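So you can see what is in the structure, the chains are spelled out below.
2 protein chains.
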Amino acid sequence: MTTEPALEELLAALRCLPGVGTKSARRMALHLLERDRPGARRLSRALAVAADTIGHCSRCRTLTAATICARCADASRDAGVICVVETPGDVLAIEGATDFRGLFHVLLGRLSPLDGIGPAELGLDRLEQRLHDEPVRELILATNASVEGEVTAHYLAEMAARHGVRATRIAQGVPAGGELEYLDAGTLSHALSGRREY
Amino acid sequence: MTTEPALEELLAALRCLPGVGTKSARRMALHLLERDRPGARRLSRALAVAADTIGHCSRCRTLTAATICARCADASRDAGVICVVETPGDVLAIEGATDFRGLFHVLLGRLSPLDGIGPAELGLDRLEQRLHDEPVRELILATNASVEGEVTAHYLAEMAARHGVRATRIAQGVPAGGELEYLDAGTLSHALSGRREY
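So the sequences go chain by chain: Z and A.
Counting from 1, one number per residue, gives the positions in the first sequence under UniProt numbering.
Counting from 1, one number per residue, gives the positions in the second sequence under UniProt numbering.
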């Protein structure tokens, strides 16, 4: 549509971002060029630095620029509790919303036999090694509440049992602010069967 | 929330984009780092190149890396018709949706006396100069259908009349797919008063 290669390329590159289509890319490009060139240069640098330096923590596999991430290296955190999540984004979400002060283990996926992802593909031997090497008391299973997430949690619970480690699963039920009338059957069923003393 | 400076900076830089908040920034950063590092490097380069090279066309003021944009330099376009728009985004929108083959003039704003933006601040003398220098037959007023856009169109129509140039205004009425029942009163009123032979 435009015959400006530099603008054309910026629009195409912005569409690499998830959830960004033609119109959003146009809005973003024009905003940066017309009103926020320092922001454009800052984002350019941040992307280059992140793409070049960030890898996975050799212990918990979350995103980090170091060999061992800051959380794993933080001696003030409780090494006796490992929270297992599917993605680095889950780590950020939990850190942002809770005061959890234990360690994490990022699976970078979930068990999904139909897609050919078994315990080996998911590198679960690394988590098993941690259960063996580290003074773990509790394994918090914080995989998603999807079918694959549940399968993964079940597998991890058996692994924890083999090592005499207590396994807990994050609670399922009514989300904060949720209205019963509009909940799906699965959520409501979990909420009722998981009821607690009041 | 995280203690990774490179990731932290990327998340903050992504929030410079319009419409991107904490969660979108997280989703974008993780997508780029986990699944599309080439995309991250490409976007980094595109942003740097665009921020460093793209300026405004000295003739029509749209975004371009050259002194004169490709549209103004294209001799096959009809120099007798100038379409006046508020922003470079409007140029992209019109080029993308129509087969308009005339030239453009980008105001980079609109008349807004309350904000202290008069004809001088908007650089309307440049457009007047074009009407004087170029073989313009028709000035298409494609400013927004907002109050300021209408005021601007009115002012430009008087300017065109002074130069003996025909001024036309893009049509206002029912948008494609629009249902009369849900239209606002202003749109419906414009659609009725602007009715045409069928």
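Fair warning: there could be bad hints in the mix.
All copies of an identical chain are treated as equivalent in the list; a pair is satisfied when it fits inside any one copy or across any two copies.
[Claimed, not checked] Using 20 Å as the maximum straight-line C-alpha spacing, the simulated SDA-like pairs for lysine to any residue come out as follows:
1) K23 / A176
2) K23 / E95
3) K23 / A12
4) K23 / E86
5) K23 / R196
6) K23 / T3
7) K23 / Q129
8) K23 / H163
9) K23 / A6
10) K23 / E34
11) K23 / Y182
12) K23 / T87
13) K23 / E9
14) K23 / E179
15) K23 / A75
16) K23 / N144
17) K23 / S193
If you are wondering where the hints come from, they were derived from the structure by calculation, not from laboratory data.
If you're wondering where the values come from, they're calculated on a predicted model, not measured in any experiment.
Verification of the hints:
1. In this assembly of identical chains, K23 and A176 lie within 20 Å of each other by CA distance solely across copies; the values are 18 Å between and 33 Å within a copy.
2. Taking the shortest Cα distances, K23 and E95 sit within 20 Å of each other only across copies (13 Å), while inside one copy they are farther apart (33 Å).
3. With identical chains, the CA atoms of K23 and A12 are at most 20 Å apart within one copy only, with a shortest distance of 11 Å there and 22 Å across copies.
4. In this assembly of identical chains, K23 and E86 lie within 20 Å of each other by CA distance solely across copies; the values are 17 Å between and 32 Å within a copy.
5. For the homomeric pair K23 and R196, neither the shortest alpha-carbon distance inside one copy (48 Å) nor that between copies (31 Å) is at most 20 Å.
6. Taking the shortest Cα distances, K23 and T3 sit within 20 Å of each other inside one copy (17 Å), while across copies they are farther apart (34 Å).
7. For the homomeric pair K23 and Q129, neither the shortest alpha-carbon distance inside one copy (48 Å) nor that between copies (33 Å) is at most 20 Å.
8. With identical chains, the CA atoms of K23 and H163 are never at most 20 Å apart, being 53 Å at best within one copy and 36 Å at best between copies.
9. Only within a single protomer do K23 and A6 lie at most 20 Å apart by alpha-carbon distance; the minimum there is 17 Å, versus 29 Å between protomers.
10. Taking the shortest Cα distances, K23 and E34 sit within 20 Å of each other inside one copy (16 Å), while across copies they are farther apart (25 Å).
11. Proximity of K23 to Y182 under the C-alpha cut-off of 20 Å is found in neither arrangement, the shortest distances being 33 Å within a copy and 24 Å between copies.
12. For the identical chains of this complex, K23 and T87 are inter-copy neighbours only, at 14 Å across copies versus 29 Å inside a copy, given an alpha-carbon limit of 20 Å.
13. For the homomeric pair K23 and E9, the shortest alpha-carbon distance inside one copy (15 Å) is at most 20 Å, but the shortest distance between copies (26 Å) is not.
14. In this homomeric assembly, K23 and E179 never come within 20 Å of each other (Cα to Cα): the closest approach is 34 Å inside a single copy and 23 Å across copies.
15. Neither within a single protomer nor between protomers do K23 and A75 lie at most 20 Å apart by alpha-carbon distance, with minima of 47 Å and 29 Å respectively.
16. Taking the shortest alpha-carbon separations for K23 and N144, only the inter-copy value of 17 Å comes in at or below 20 Å, while the best intra-copy value is 32 Å.
17. In the homo-oligomer, the alpha carbons of K23 and S193 never lie at most 20 Å apart, since the shortest distance is 46 Å inside one protomer and 31 Å across protomers.
Hint compliance for this structure: hints 5, 7, 8, 11, 14, 15 and 17 are broken, all remaining hints hold.
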